[in-house]
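A.B. asks: Each chain is listed here by its residues.
Protein chains: 4
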Amino acid sequence: MMKNIIEGFLKFKTDVFPERAEMFKSLATSQHPRTLFISCSDSRLVPELVTQHEPGGLFVIRNAGNIVPSYGPEPGGVSASVEYAVTALQVTDVVICGHSDCGAMTAIATCKCMDHMPAVGSWLRYADSARIVNEARQHTSERARIEAMVRENVIAQLDNIRTHPSVRLALGEGRLALHGWVYDIESGSIDALDYHTNTFVSLADYPDVRATHTQLKVAV
Amino acid sequence: MMKNIIEGFLKFKTDVFPERAEMFKSLATSQHPRTLFISCSDSRLVPELVTQHEPGGLFVIRNAGNIVPSYGPEPGGVSASVEYAVTALQVTDVVICGHSDCGAMTAIATCKCMDHMPAVGSWLRYADSARIVNEARQHTSERARIEAMVRENVIAQLDNIRTHPSVRLALGEGRLALHGWVYDIESGSIDALDYHTNTFVSLADYPDVRATHTQLKVAV
Amino acid sequence: MMKNIIEGFLKFKTDVFPERAEMFKSLATSQHPRTLFISCSDSRLVPELVTQHEPGGLFVIRNAGNIVPSYGPEPGGVSASVEYAVTALQVTDVVICGHSDCGAMTAIATCKCMDHMPAVGSWLRYADSARIVNEARQHTSERARIEAMVRENVIAQLDNIRTHPSVRLALGEGRLALHGWVYDIESGSIDALDYHTNTFVSLADYPDVRATHTQLKVAV
Amino acid sequence: MMKNIIEGFLKFKTDVFPERAEMFKSLATSQHPRTLFISCSDSRLVPELVTQHEPGGLFVIRNAGNIVPSYGPEPGGVSASVEYAVTALQVTDVVICGHSDCGAMTAIATCKCMDHMPAVGSWLRYADSARIVNEARQHTSERARIEAMVRENVIAQLDNIRTHPSVRLALGEGRLALHGWVYDIESGSIDALDYHTNTFVSLADYPDVRATHTQLKVAV
Chain B
189 MMKNIIEGFL
199 KFKTDVFPER
209 AEMFKSLATS
219 QHPRTLFISC
229 SDSRLVPELV
239 TQHEPGGLFV
249 IRNAGNIVPS
259 YGPEPGGVSA
269 SVEYAVTALQ
279 VTDVVICGHS
289 DCGAMTAIAT
299 CKCMDHMPAV
309 GSWLRYADSA
319 RIVNEARQHT
329 SERARIEAMV
339 RENVIAQLDN
349 IRTHPSVRLA
359 LGEGRLALHG
369 WVYDIESGSI
379 DALDYHTNTF
389 VSLADYPDVR
399 ATHTQLKVAV
Chain D
189 MMKNIIEGFL
199 KFKTDVFPER
209 AEMFKSLATS
219 QHPRTLFISC
229 SDSRLVPELV
239 TQHEPGGLFV
249 IRNAGNIVPS
259 YGPEPGGVSA
269 SVEYAVTALQ
279 VTDVVICGHS
289 DCGAMTAIAT
299 CKCMDHMPAV
309 GSWLRYADSA
319 RIVNEARQHT
329 SERARIEAMV
339 RENVIAQLDN
349 IRTHPSVRLA
359 LGEGRLALHG
369 WVYDIESGSI
379 DALDYHTNTF
389 VSLADYPDVR
399 ATHTQLKVAV
Chain R
189 MMKNIIEGFL
199 KFKTDVFPER
209 AEMFKSLATS
219 QHPRTLFISC
229 SDSRLVPELV
239 TQHEPGGLFV
249 IRNAGNIVPS
259 YGPEPGGVSA
269 SVEYAVTALQ
279 VTDVVICGHS
289 DCGAMTAIAT
299 CKCMDHMPAV
309 GSWLRYADSA
319 RIVNEARQHT
329 SERARIEAMV
339 RENVIAQLDN
349 IRTHPSVRLA
359 LGEGRLALHG
369 WVYDIESGSI
379 DALDYHTNTF
389 VSLADYPDVR
399 ATHTQLKVAV
Chain G
189 MMKNIIEGFL
199 KFKTDVFPER
209 AEMFKSLATS
219 QHPRTLFISC
229 SDSRLVPELV
239 TQHEPGGLFV
249 IRNAGNIVPS
259 YGPEPGGVSA
269 SVEYAVTALQ
279 VTDVVICGHS
289 DCGAMTAIAT
299 CKCMDHMPAV
309 GSWLRYADSA
319 RIVNEARQHT
329 SERARIEAMV
339 RENVIAQLDN
349 IRTHPSVRLA
359 LGEGRLALHG
369 WVYDIESGSI
379 DALDYHTNTF
389 VSLADYPDVR
399 ATHTQLKVAV
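Protein chains in written order, with the numbering used here: chain B, 189 to 408; chain D, 189 to 408; chain R, 189 to 408; chain G, 189 to 408.
Next comes chain B alone, as it looks inside the complex (with noise of 0.2 Å):
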């Protein structure tokens, strides 16, 4: 309801502002964050409240499935917004966050019919490598299968973004780590891709995660 919107910022405006004018006004000609943060457009994930992040902190893009369209002749919003982070704001990490119950990872991992909602079904195209990839394993029910489905949308989707030239040149330079979360909405929980593993575990038992700082290569 728009009342409560309405009413919301009035709350903000009057008892939460004030404390925070200070910190408010010297945001105010300039955003300095480090972290670029891509996550879904879920209403149940707020980025902000899951790193414990005041404003100034993150950079943020969020759509339906928190997908990174991989790199090409007609750039959108997504790949215009990690250029921003990337080259103007010099960001120095990229986490790409997905999280459990997910309607667009329920949707690939349950074959939905796209009809009624084309432009969803197009999306969802840049997670076709994960639904491929998940297609071809054995799950022990269709639970598990959309859980795998949102694991394996996030790892895609780190393939994707380095496709994009100034990620590409961030991490040659070593200047730019990227990150793979998948955020439990239950139970507050995030599991976090281990890049030597190449495992998902909790972040909270194993904080010291690695992440990825360098260009892929091939093995020799």
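To be clear, the hints were calculated from the coordinates, so they are not data collected in a lab. A few of these clues could be false.
No distinction is drawn between identical chains; accordingly, a pair holds when it is met within one copy or between any pair of copies.
[To be verified] Computed list of lysine-lysine pairs in DSS-like fashion (alpha-carbon distance at most 30 Å, straight line): (1) K199 to K300; (2) K300 to K213; (3) K213 to K191; (4) K213 to K199; (5) K300 to K191.
Fit chains D, R and G to the supplied structure of chain B, relying on the hints for placement.
C.D. replies: Chains D, R and G in isolation, oriented as in the chain B frame:
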């Protein structure tokens, strides 16, 4: 710094999550946000903070410049996310929210060369109609020109979102309203577009600002 | 048959041109049309005949389905021609004119498979918002569904043309008006969109039909 | 002036339509044009007048510069309209018709700055191969350079249309011929491309000008 991000998450898990565990449990398998909130990737504007909304409240699209491409045969991530919000989630309101000191709008209003960021340059062409209108006007200062650009961009993106099939259908059926906002980082204020007068008014002074609930018609 | 085309030209050269030689001479080095007329490629709707205009009177765009793509970073021929008409020629009126028995609209309204004509299928997606609105309605017959599709398409293309920078600027400066027409081949009638009532009315009965001269505003 | 347009229609309805009512009735539910006529949006060249054809005779595409984009993965309106004409209507002839004093070709030949009309600038790149050829030549005057540009553009667009799948198929099956024309506004003359000599000849003097009925072949 990634260290801060991970520490932030550990703080969330230990201090913040437990007291909201019940809420997160109830959200584990479904979301019912009523509002699609489209804003910039800028780190300084946190939609959930500004509207004082908990997880589950806002379906959020964020990209550089809070842009909504006009609809076409090659829909991208914004189009897909809009379609999902309006068709699958049946949101009742869409807020397109620009903000002060926007890097993207400043780049446009000051004719910044975009050669080193071609994806950004291409993406910002979806704000061309705002740019052309703004360039045709007199401005008392560069700052005024930038502020006017931010407002014109919100109006142009409201024009763009009307070309989306799902939005057109929902407007025609009277189940969707469109809102245009501009957030000021320093003062924490929001100006909202009043569709009757076609001007921006302070939301705090004028919380009953009139949105549009109808399909395109032109006032006399 | 090409023979007819060439014979037609020879007839034009011998019989028609001489009596208008003076007019053609005056047009040799400049054109000053006041109206941009956008209609279908269909052979049965000749804009200059239907409006009884001589050469020099109408700047004409014709394509399958009288479609005006919404504006974007990769503008094509329609966008270029609209821009030329509004910016360089400073036309004062734009007419978007659909027509009865339109092959393109019939294909959409009857869900014709477009696999053998992929370029047509892609192009007609610019009429998606009209299609979605039309599909959500009850129609008394297939013919009624097609006729409604033709009208909805004209409205959708009027939405699309508003996203063009040159059009937005000209509307804001009060030097352009937009008109939506549907021509009936069998009866020679035209129905025009009245912007106040959002309905189509007979142009013969109601020649003072109200167009829009203003930027986007929403009627209460 | 819109007043003239509407008065023109009323005159058509009262004076012109009745005497052709029978013809229009016979056209109400189908069209069978044999020729696809592609010409400029310019107000001074009316295809049906110049070829003395009644409604039903010509399927017409008109855009700034009578341009036919080469075929690619993102086909637009011209490609769709060509495909519809050749595949669905099975036209037997395509005429690409340029004209004297063309604003688009003059802009190219005189290197006019297009910064204020970016969509036009982008669109005219489909005439780049004509521009490059024309720039490499000596011309006796600016007027001669512009006239040569108009002719070269017709040739380049004939090359472009050959890249369309539907055209290639129809040429291979011997059921389509391609024609290149240039119309002179002042004299009412047409010069046509003779494919045997690769020169333009007066259509009045040489009505049996040789078109191409065949696919491009490489000479042995």
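A.B. asks: If a hint holds in the structure, say so; if it does not, say that too.
C.D. replies: Against the structure, the hints come out as follows:
no.	hint	result
1	K199 to K300	neither (41 Å within a copy, 37 Å between copies)
2	K300 to K213	between (48 Å within a copy, 25 Å between copies)
3	K213 to K191	both (28 Å within a copy, 26 Å between copies)
4	K213 to K199	both (19 Å within a copy, 26 Å between copies)
5	K300 to K191	neither (34 Å within a copy, 39 Å between copies)
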